[in-house]
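Listed below are the residues making up each chain.
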Amino acid sequence: MTWLIWRQHRTEVCVLGLLVGVFGIALLVLGTQAHDLFPGGSARCAGEAGVSEACAASFRRLDEEYGYVENLLAGFYLLPVVIGAFLGAPLLARELEDGTWQLAWTQAVPRMRWLAAKLAALAGVTVALTGMFTAVITWFRQPFDAWEGRLQYDAFDVEGLVPAAYALFAFGVATAAGAILRRSLPAFGVAFGAFLAARMSVALLARPAYATPLTTMEPVPVGGPKDQAGHPPAPSIADWMIEHGYADTTGRRLSSAEYYDLEAAADRAGTNLNQFLHARGIQQFEVYHPADRFWTFQLIEAALFVAVAAVLLGVVVWRVRRRMI
Amino acid sequence: MTATEFALRTEGVGKRYRKGWALRDCTLALPAGGVIALVGPNGAGKTTLLRMVVGLLAPSTGTVEVLGHDVTASTPQTLSRVGFLAQDHPLYKRFTVAEMLRFGRACNLRFDQGLAERRLAKLGIPLDRRAGTLSGGQQAQVALALALAKRPDLLVLDEPVASLDPLARHEFLQVLMGAVAEGGVTVLFSSHVVHELERVCDHLVVLNHGRVTLTGDIDTLLAEHRLLVGPRTATDLDRSGAVVQAVHSDRHTTLLVRDGGIPAAPGWQAQPVALEDLVLAYLRRPSEPGAALTSGVAA
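Listed in order, the protein sequences are those of chains A and B. The working numbering numbers the first residue of the first sequence as 27 and each following residue consecutively. The working numbering numbers the first residue of the second sequence as 13 and each following residue consecutively.
With the rest of the complex left out, here is chain B:
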């Protein structure tokens, strides 16, 4: 795999259910290597997008290209390059852990049984236990071991830690990051939890109301954005169209601006922005881009 290859490219992807659009005009180009976080509130379309990435769902519009291949083809070769861990890490509850591994071996072209067994042994998960009797954290670990044993080039995880307690969450992320450190795998995971992302992720995609509102390398995004703090003004905020969010207190106005080179006026101070605040600012933006300024002004 070359450094310039994209793990995932989508072009104008949309998905319409009977209720309406779950995802619209989603155009992404995510580099291979590293960890990509897909962030958004519940109902933003994260699961829809991830299911389309792994070929469980066909897009209503647009194309999805994973590791250079159209996913709708679903050949054994393309399927075996992508690992998927669905929300709530489903397992066959009545299978033993050993049988789950046998399932993986039976259904895959390459399956590193030894790797999976070593991982599970290290975590103290016995192979003869039924999957349904394991704790939630252990089930997540079995599902992860199964996905990693495929030795995928792209590992997709849907809210992998949402249902786990803090300890299990920590252990899970540790194993996941260990696998990333061993190299060769691009990780794409969704989350509605924003904190701790900075520590784990290289790349960020923010999804809100079925649309991509922000995407980019995290370091670049942080460098591009800054907070401007100045005396309270209610007018003429968006001269350059770069204001993401404006917050007014009694005496001050705080602006989050993108590509905002120098402070707008004397008396204004520039500050770096934290990733969490950046994500929250984009999530608070309304779904219609044209209405950004008026609703962005909070009292």
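Just chain A, with the same shape it has in the complex:
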């Protein structure tokens, strides 16, 4: 079976391996240079950035010289679906397309064993490739993360456990779609669409609700929100801001219309906006998830996608066991 699986899927595995290898090496090279900006380690430097001018300068250089790479990395949020769907779509669809399922399942290997071996091997390759690349990205992003935290989309989505879970999900969708549609290419398309839909809705709707966010509420300082000294201290840049705005003395949140009315009133009165707001007891609030919730959130989201992948693979097993056609 090992030889057969390798022979049937070596093209996909080699192409994906090459893809991961080339991008991985490029990131390792660029990452080594970026890491060299922080001789004392980026994590320590991030703590000292407020006080050490050298560290502040290092972070500025990091942003100037490697900021573009960081932006490009966002493109790799598609890597899990490329890996998972590319390996999953042909698993059953190609056999059904070519009629070779009748050949494969009438040899002495019972079809459930055939299916189990294929699913295990290809899901394993999916997780291994995604995991390797995720390790490289996570390492590359260390200096960026030291400054920005890991809960923002551009870090959270490509680091830790979730990329492998996304890839497994894509593998599950592609395999199930292949079993039902009996065509590799449409199955790949379905997996791609399902991946985008699931990822977006989970990231935007579900993820902020994994835990109750924290809220800070403080009176508007006289110096204004842009004054660092007066800025509420609790949410740092590494925390994940969900929402922020203004509230009245009782803590009731102001709609944007109400806020603009206040702004207009301040204009008419000819006073400084912040003084105007401060005088009326207006408070500013911020709703956020602290940066240290990274691993909790990673575990929850990974479990979510792995669970859906397991259900999809269950559908595949059921389809094959029930004897297709």
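Since the hints were derived computationally from the structure, they do not count as laboratory data.
List time: in silico DMTMM-like cross-link candidates among lysine to aspartate or glutamate, alpha-carbon distance up to 20 Å:
id : chain 1 : residue 1 : chain 2 : residue 2
1  : B       : Lys134    : B       : Asp124
2  : B       : Lys105    : A       : Asp124
3  : B       : Lys105    : B       : Asp140
4  : B       : Lys134    : B       : Glu194
5  : B       : Lys105    : A       : Glu123
6  : B       : Lys134    : B       : Glu183
7  : B       : Lys105    : A       : Glu38
Quick caveat: nothing in here was measured; it's all calculated off a predicted structure.
Starting from the structure of chain A, add chain B where the hints point.
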């Protein structure tokens, strides 16, 4: 294997798809040894039945027993006793012929690599060619060599020669019959072509509209049936219920009867019937047995 063992026994087998029944009430007992032909028009349920025989498909009703074992069990032991050649003889198109043989070796308990290589060498099929680049006839031969290398007790072939040109068809049947002659294998194959069956087959199953309309040893079937030719009569044809088909010309009526001992009346002549005519007569019979006589009378 004893002579009394059945290669295939089905009991009330039916298969229902969403569209309706593809096969109903199929009860068969086919002896081991020899060649069994499954004949029927396209859409009669031949492929459905064969897929159930090799365990690719589970019956909706009834049981299928192959070589004394329930096929739904699908253990390596039962799977390795049955060889299957699906319609259009699928192969992994990007595998070389040698890799196809390696596939067979990797996926079977017993696999006679030497036998397969000898067969292919005799046919001049190179081992290093990709399966997809071979001609249709050669692909069929590779698929057959693969199935035979399992040394199966039952070899099932679905329309094995339907897509082949006459020469390839002849060569294919020659190899197949050679394998049968070497002994030990029961062959069950489906076909919608009726002629040449007599030369190749020992046993016949006629399938029409998802039902078995005729089954039996070919020699016995031919002995049981005869054509009665007499003056044209339009009435009182089926006194004994044995009339399979009645054909009327201007002056004569030709009856195909089963178990029809003596001519029905003076002036009637009995003739033996050819296998092809026998099969066609059963295929022309309508699907509902009760309506046999009325629709059987052709103008």
